[in-house]
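Asks: Here's the letter readout for the chains.
There are 2 protein chains.
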Amino acid sequence: MNLTEKKLGGKTVYDGKILKLEVDEVELPDGSRSLREVIRHSGGAAVYLEADGKILLVRQFRYAYGKEIYEIPAGKLNKGEDPRAAALRELEEETGYKAELSPMFSLYPTPGYTDEVIYVYKAENPRFVGSRPDEGEFLNCKFLPKESVLKMIKSGEISDAKTISAVYAALSENKG
Amino acid sequence: MNLTEKKLGGKTVYDGKILKLEVDEVELPDGSRSLREVIRHSGGAAVYLEADGKILLVRQFRYAYGKEIYEIPAGKLNKGEDPRAAALRELEEETGYKAELSPMFSLYPTPGYTDEVIYVYKAENPRFVGSRPDEGEFLNCKFLPKESVLKMIKSGEISDAKTISAVYAALSENKG
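Chains as they are written, first to last, in the numbering used here: chain A, 1 to 176; chain B, 1 to 176.
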């Protein structure tokens with residue numbers, strides 16, 4: 001069965017700082033019509049850095065959830081930016097580390113309404129070169145033992161999707 | 001360091017079918033001001049069902065990406081709906097299966113701009129009770145061997161965050 005939805009028309013409802021919202025009318029496979037609300041986003045890049053059994057995490061306030069949460073270092077791609085370059089930039093800006101990066105996987109965070117792709121990399125040979133946080137970015141970074149991170153995922157204290165995916169993927173590889 | 005961002009004001013830019021977009025002005029920890037663009041969403045529920053070394057996936061057209069993708073069965077919470085009830089409902093609607101569910105973890109898909117929480121459950125004792133797809137929902141469901149799913153994650157053919165998280169988490173548990 002061909003599941004394709006055909007765009008009939010649409011409009012940009014909002015075009016802001018980090019996202020654009022488009023609302024399109026589409027034709028469904030059975031010929032009926034529906035609306036699709038889509039966030040257009042430039043994409044993200046994230047880095048999983050594990051050293052001596054510890055995982056590098058940043059803790060920052062996330063306004064959407066109204067609280068501080070732990071995540072692996074990550075950030076938004078600048079327009080047209082290479083994801084690996086963005087990952088290296090964000091790693092250094094947020095944590096002061098440089099490293100070699102190899103791709104782990106790309107993530108579609110919530111495909112029902114956003115076109116964002118998050119490119120997740122694994123860091124090798126990390127070296128600390130000194131922290132220089134983004135202007136206007138407020139965060140703390142620290143290494144947490146892998147066992148603690150797994151407990152925090154199970155307890156719900158860590159919920160970030162790119163972080164959970166990367167932690168479990170690395171665990172599977174190590175055990176594989 | 002207190003990283004809290006204080007809301008100074010804001011407006012609802014769009015209130016639609018599956019999401020609401022709010023744009024708020026906030027005060028940052030250093031007293032400066034910034035904008036926060038936030039998608040408000042009722043949340044989602046997803047089910048990881050593995051049987052005989054195969055994983056139950058649904059394939060559907062995702063308009064935001066303009067293509068069909070594989071995901072574990074999932075759907076949006078109705079307003080105020082219990083996540084487990086939503087997971088059971090979506091599992092049956094999308095695949096025709098009933099099962100017992102135990103919580104795996106909750107996911108924040110992309111915390112930079114959405115407040116969505118995706119509740120991920122593991123299914124036990126699945127039994128097929130007959131498929132009755134949602135009206136207006138077009139999808140195919142099938143069991144794929146776990147080895148194929150892992151290859152498809154590595155090749156980029158499977159990118160959905162809840163799917164990757166659940167597959168690797170289950171793999172880690174099995175090997176643990």
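Bear in mind the hints are in silico, worked out from the structure with no lab data behind them.
Glycine included, C-beta positions come from ideal geometry on N, C-alpha and C.
Be aware that one or more of the hints could be misleading.
Some but not every residue of chain A turned toward chain B, in silico, with C-beta under 10 Å [claimed, not checked]:
#1 N2
#2 T4
#3 K17
#4 D24
#5 L88
#6 P126
#7 V129
#8 F143
#9 L144
#10 P145
#11 I153
#12 G156
#13 A169
Asks: State for each hint whether it applies.
Replies: To see whether the hints hold, each was checked on the structure:
Hint status for N2 (chain A): holds, given a least beta-carbon distance of 9 Å to chain B, under 10 Å. Against a cut-off of 10 Å between C-beta atoms, the interface hint on T4 (chain A) holds, since the closest Cβ of chain B lies about 6 Å away. Satisfaction of the interface hint for K17 (chain A) is found here, the shortest Cβ-Cβ separation to chain B being roughly 6 Å, below the 10 Å cut-off. The interface hint given for D24 (chain A) is met, as the beta carbon of that residue sits about 7 Å from the closest beta carbon of chain B, less than 10 Å.
Below 10 Å, beta-carbon pairs count as interface contacts, and L88 (chain A) has none with chain B, the closest being about 19 Å; its hint is therefore violated. Given hint, P126 (chain A) at the interface with chain B, is violated; its Cβ is 22 Å from that chain's nearest Cβ, farther than 10 Å. Hint status for V129 (chain A) relative to chain B: violated, with the closest Cβ pair at about 22 Å, above 10 Å. Taking 10 Å as the C-beta cut-off, the interface hint given for F143 (chain A) is violated, the closest approach to chain B being about 18 Å.
A distance limit of 10 Å between C-beta atoms decides the matter here; for L144 (chain A) the minimum to chain B is near 17 Å, and the interface restraint is violated. Hint status for P145 (chain A): violated, given a least beta-carbon distance of 16 Å to chain B, over 10 Å. The criterion of a C-beta within 10 Å of any C-beta in chain B is met by I153 (chain A), whose closest approach is roughly 6 Å, and the hint holds. The criterion of a C-beta within 10 Å of any C-beta in chain B is met by G156 (chain A), whose closest approach is roughly 6 Å, and the hint holds.
Interface restraint check: A169 (chain A) against chain B, minimum CB-CB distance 5 Å, threshold 10 Å, status holds.
In the structure shown, a violation is registered for the earlier hints numbered 5, 6, 7, 8, 9 and 10, in ascending order.
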